[in-house]
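Chains as they are written, first to last, in the numbering used here: chain H, 329 to 674; chain L, 24 to 375.
Mixed in with the good hints, there may be bad ones.
[Said to hold, decoys possible] Each pair of labels, with its calculated beta carbon distance range: (1) H:Leu420 - L:Gly71: 43 to 49 Å; (2) H:Gln475 - L:Ala85: 36 to 42 Å; (3) L:Ala236 - H:Glu480: 41 to 47 Å.
[As the list claims (entries may be wrong)] Restricting the straight-line Cα-Cα distance to at most 25 Å, the calculated cross-link-like pairs of lysine-lysine (DSS-like) are: (4) H:Lys511 - L:Lys332; (5) H:Lys430 - L:Lys332; (6) H:Lys511 - H:Lys483.
Derived from the structure by calculation, the hints contain no laboratory data. All residues carry an ideal CB built from backbone N, CA and C; glycine is no exception.
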Amino acid sequence: MYSGLEVDQQWSASCQLLLVRLGFGLSFVESVLMPTWASQRIHRRHETLIRWVLFVCAALSVLTTAAIIYVLLSNAVYAPGEKTAFFERVSLWQFLTSGRWKPTDGAGAHFGIWPLLTGTLQVALIASLVSIPAGLGAAVYMSEYAQPREREFLKPVLEILAGIPSVVYGFFALKFITPWVLKPLFGLLGLEISIFNSLSAGIVVGIMVTPLIASLSEDVIRAVPRSLREAAYALGSTRFDVSARVVVPAALSGILASFLLAFSRAVGETMAVAIAAGGNPLLTLNPLRGSQTMTGFMVHASAGDSAADSISRMSMYAVGITLFVMTLTINLLSGWIMRRYREVYQ
Amino acid sequence: MSVVSGGVTDGVVSVSFTAGSDSQIRQRLRLSRYFMWLCRLVTYASLGVLAVLLLSIMWNSAGRLSWSFLSSHYSMHPDRCGILAGLWGTFWLVLLTAGFSIPIGVGSAVYLEEMAKDTWLMRVIRVNLSNLAGVPSIVYGILGLTAFRPLMIQLQSLFDGRHAVNVLGMFRLRLLKLDIYDGSVLIGAMTMSLVILPTVIIASQEALRAVPASIRVASLALGATRWQTIWRQVLPASLPGIATGVILSISRAIGEAAPLMMIGVLTVASMCPGGLESPGQLLSEPGRVLAVPFDQFTAMPVEIYDWSKQPDPEDRFTAVAAAGILVLLAVLLTVNAAAMIVRYRAGRQLRW
Numbered sequence: 329m330y331s332g333l334e335v336d337q338q339w340s341a342s343c344q345l346l347l348v349r350l351g352f353g354l355s356f357v358e359s360v361l362m363p364t365w366a367s368q369r370i371h372r373r374h375e376t377l378i379r380w381v382l383f384v385c386a387a388l389s390v391l392t393t394a395a396i397i398y399v400l401l402s403n404a405v406y407a408p409g410e411k412t413a414f415f416e417r418v419s420l421w422q423f424l425t426s427g428r429w430k431p432t433d434g435a436g437a438h439f440g441i442w443p444l445l446t447g448t449l450q451v452a453l454i455a456s457l458v459s460i461p462a463g464l465g466a467a468v469y470m471s472e473y474a475q476p477r478e479r480e481f482l483k484p485v486l487e488i489l490a491g492i493p494s495v496v497y498g499f500f501a502l503k504f505i506t507p508w509v510l511k512p513l514f515g516l517l518g519l520e521i522s523i524f525n526s527l528s529a530g531i532v533v534g535i536m537v538t539p540l541i542a543s544l545s546e547d548v549i550r551a552v553p554r555s556l557r558e559a560a561y562a563l564g565s566t567r568f569d570v571s572a573r574v575v576v577p578a579a580l581s582g583i584l585a586s587f588l589l590a591f592s593r594a595v596g597e598t599m600a601v602a603i604a605a606g607g608n609p610l611l612t613l614n615p616l617r618g619s620q621t622m623t624g625f626m627v628h629a630s631a632g633d634s635a636a637d638s639i640s641r642m643s644m645y646a647v648g649i650t651l652f653v654m655t656l657t658i659n660l661l662s663g664w665i666m667r668r669y670r671e672v673y674q
Numbered sequence: 024m025s026v027v028s029g030g031v032t033d034g035v036v037s038v039s040f041t042a043g044s045d046s047q048i049r050q051r052l053r054l055s056r057y058f059m060w061l062c063r064l065v066t067y068a069s070l071g072v073l074a075v076l077l078l079s080i081m082w083n084s085a086g087r088l089s090w091s092f093l094s095s096h097y098s099m100h101p102d103r104c105g106i107l108a109g110l111w112g113t114f115w116l117v118l119l120t121a122g123f124s125i126p127i128g129v130g131s132a133v134y135l136e137e138m139a140k141d142t143w144l145m146r147v148i149r150v151n152l153s154n155l156a157g158v159p160s161i162v163y164g165i166l167g168l169t170a171f172r173p174l175m176i177q178l179q180s181l182f183d184g185r186h187a188v189n190v191l192g193m194f195r196l197r198l199l200k201l202d203i204y205d206g207s208v209l210i211g212a213m214t215m216s217l218v219i220l221p222t223v224i225i226a227s228q229e230a231l232r233a234v235p236a237s238i239r240v241a242s243l244a245l246g247a248t249r250w251q252t253i254w255r256q257v258l259p260a261s262l263p264g265i266a267t268g269v270i271l272s273i274s275r276a277i278g279e280a281a282p283l284m285m286i287g288v289l290t291v292a293s294m295c296p297g298g299l300e301s302p303g304q305l306l307s308e309p310g311r312v313l314a315v316p317f318d319q320f321t322a323m324p325v326e327i328y329d330w331s332k333q334p335d336p337e338d339r340f341t342a343v344a345a346a347g348i349l350v351l352l353a354v355l356l357t358v359n360a361a362a363m364i365v366r367y368r369a370g371r372q373l374r375w
């Protein structure tokens, strides 16, 4: 009979053996058939080669960024060659000030980003309203109140929630939240809610990003040293005082950074929003009506069968660069807040 | 005085010197208790949401999930519609994605953690990596659509059966006619690899960082080269951590639809990549595997998106979509269980 531990050790030993065997060919040849100096030279070359291969792997990520930026710029801003980029045909002024988004190839096309932008921000804002209290509450509960056992049970639940694919949340919003929660609720108030609406999209995106806020905030809250809490308790604080007046303020920079990251995630969220919010680019602030977000438009536009260099297709890149710049700015801001306002305790 | 505040300070005796009267203290304690219940409520609400989500999907699928759902293709008729093409599509997509992203991701992590010196270039790579992780997946889709798809179209025209290449100026080799599609598994996997690479790299870096320096030093002291140390000591030691991170990234690739929508995969498919429709066929016609990377495909989340959007007055595609979601969630659960097992085993066999 093997005990569990022995089986584990065997497993890990066989893993290691496999890796060693792979390297064995070379070492046999060199130890038996070669003078030392030759084997050393081979080793050096071998090492340099591997180093370069791995360097190329690491450099690939920089290349990816460069490629993204190039693709976006060359299709949206300035196109080398005979193609014409989006902003060479449509003025930036129209893009930033017009309130109509009607990306057709024929006459009557309008390229004003505002309907898409308000749609996106509306969904992201509703998502924040849902996820900030929920995420922060969960983070405080898990770090300040929950017993270790309870925590071990709650953390996987949040991880599962974070791991559920975006399309599933879209389905949930469209087939459950809208008809079974929002419709009766607003029906009581005498308000009409359309099948596709920003509110349900915002709610599910909020549910999606809650685990992100919870886990990032919990990390920074746990990093607040115990001595601070104990000092507060010694002064007669209640648990609420300690959580809300000592721990959360001490971890505020990290918490704010997590809010911003969640917001940027909500802005970039695609499938749930494309399903739940619909595809009608309306310039409206009414969350009970449908709207189209930037990501939703991009999915919609790529599915169309217009020619690759048509203006309707190119508008996708203009929206793409707006989305990229927006999320990048928020992410950078989040990182900056994290570094700039971090409280360091000894 | 009985004070209810639980945990560290059970039975606090003198809180009176910060607050005034008894009633004020009681009020503060009540506030504290409400706050705890509020926090507990929102935390357990997430559990409730998860339960409602799963129940509503099961309720919607209502008996639609059956063997015939798993083994039939798309159909206009909701009662005959199945997820077979999506299952195989996702399988091949994930296989290729793993094939691209694991070596490149782990290789980058090894370079950044074990070999790189702290130069400005390395700092650029590190900062860039954390920013890439925050780029929405749909933006990678644009990259795939614009950079990878034309590549496929080039290949397509090269292998249309009319081209020939000169070999060393001696004879002309007629190129085969291959069925190459522009929305193929290959570019899907290339795009998806870019989406998950940052997370693979970051997770692998953390796993490598957890290996104590003493192991490296000991190996180097015994005369091993740097690469031998990495290959025989550091990588085996960090394997469980890397595996966990990789599996979690892979499960993200399984559920991701946006980049695939962008590169234009099929939303309605009545064939599987390479024409392989059952595991038995893999054994009887293994040659078909070669056609898989160049074949068009669809993936489970893409199909689910399509079914959810079907304008259907009687809502019969809703049941199809819900059944598709159950299959997708079952696949994800299996993959995540694998990650959990790896993590559990690793937790028990730490040796330092």
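Hints the structure violates: just list their numbers, smallest first. Checked against the structure, the hints that fail are numbers 3, 6, while the rest are satisfied.
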